[in-house]
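Novice: Sequence:
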Amino acid sequence: MADEQVSLTSLILIIILGGLIIRYLFFSSPAQTPRPRDAQAISRAREAAVERIQQIFGPDRVDRRTILWDLHRNGGNIAATTERILAGRIETPPITFQPPPPPTSPSPSATQTQPFKAPPKPAEPDLITRYKLQDKIRADSEAESSAKSKAWSSNRNERQASLQRRRDEMILAARRKMEAKIAAEKAAGNAPQ
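Quick note on the working numbering: the sequence shown kicks off at 6 and runs consecutively.
Source of the hints: derived by calculation from the structure; they are not laboratory data. Some hints could be false.
Stated by the list, open to error - Derived lysine to any residue pairs resembling SDA-like cross-links, with alpha carbons at most 25 Å apart:
1. K141 to R164
2. K186 to Q60
3. K141 to L168
4. K182 to D140
5. K137 to K182
6. K137 to A178
7. K182 to R57
8. K186 to E174
9. K186 to I176
The task is simple: from the sequences and hints, build the whole structure.
Specialist: This is the structure:
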């Protein structure tokens, strides 16, 4: 065993591999900044989240800057932001927080250069208008929600109608809750001190 020797090629191979490992572990480049495409994708996702939240609560209830601040703080979690708005715990952003301006519609020259782009859909102002629930607001929705609900049906159309009814009830319940909260805030603001 004492007579064993390491060949020159094995020694060179060990030195090269050791150098590569040391370079990889200690001299690797720092974390790369997001590429412009990734930053644009994040920006588009945040704008879509703001639009969804504003459709739920209306653009006059919560402003875009406040929603963007909360989404920035919680990593883009729409559910958490919605919960904070419903609970009245949404914080106003600091003065130093300046979000990017909202995306504008493309100019006429931009639409001429991209003829195959689909025309944008008109945005619905809120969920009540989107799902045509105006008459249900006026009707006594409590009577509808107290009606018996069947177990899961094997008929596809019945299941779809049941799910749509549940969706409508959830939207109306959120609206009632928000209106009650606004009325309570107005009553607290009008109360003599």
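Novice: Just to be careful, I want the Cα atoms of K182 and R57 compared with a cutoff of 25 Å; is the pair within it?
Specialist: 18 Å, holds
Novice: When you check the alpha-carbon spacing of K186 and E174, does it fall within 25 Å?
Specialist: Holds - the C-alpha atoms of E174 and K186 are around 18 Å apart, at most 25 Å.
Novice: Has the given pair, K137 with A178, been kept, meaning a C-alpha gap of at most 25 Å?
Specialist: Answer holds: K137 to A178 is near 15 Å, not above 25 Å.
Novice: So if I understand the rule, the pair passes when the alpha-carbon distance is 25 Å or less; does K186 with Q60 pass?
Specialist: 18 Å, holds
Novice: Taking 25 Å as the top limit, are the C-alpha atoms of K186 and I176 close enough?
Specialist: 15 Å, holds
Novice: Under the criterion that the straight-line Cα-Cα distance not exceed 25 Å, is the pair K141, L168 satisfied?
Specialist: 16 Å, holds
Novice: Are the Cα atoms of K137 and K182 separated by 25 Å or less?
Specialist: 19 Å, holds
Novice: Is K141 close enough to R164, meaning Cα to Cα at most 25 Å?
Specialist: OK: K141 and R164 at ~20 Å, within 25 Å.
Novice: Does D140 sit within 25 Å of K182, going by the straight-line distance between their CA atoms?
Specialist: 18 Å, holds
Consistency with the previously given hints is maintained throughout, with no hint failing.
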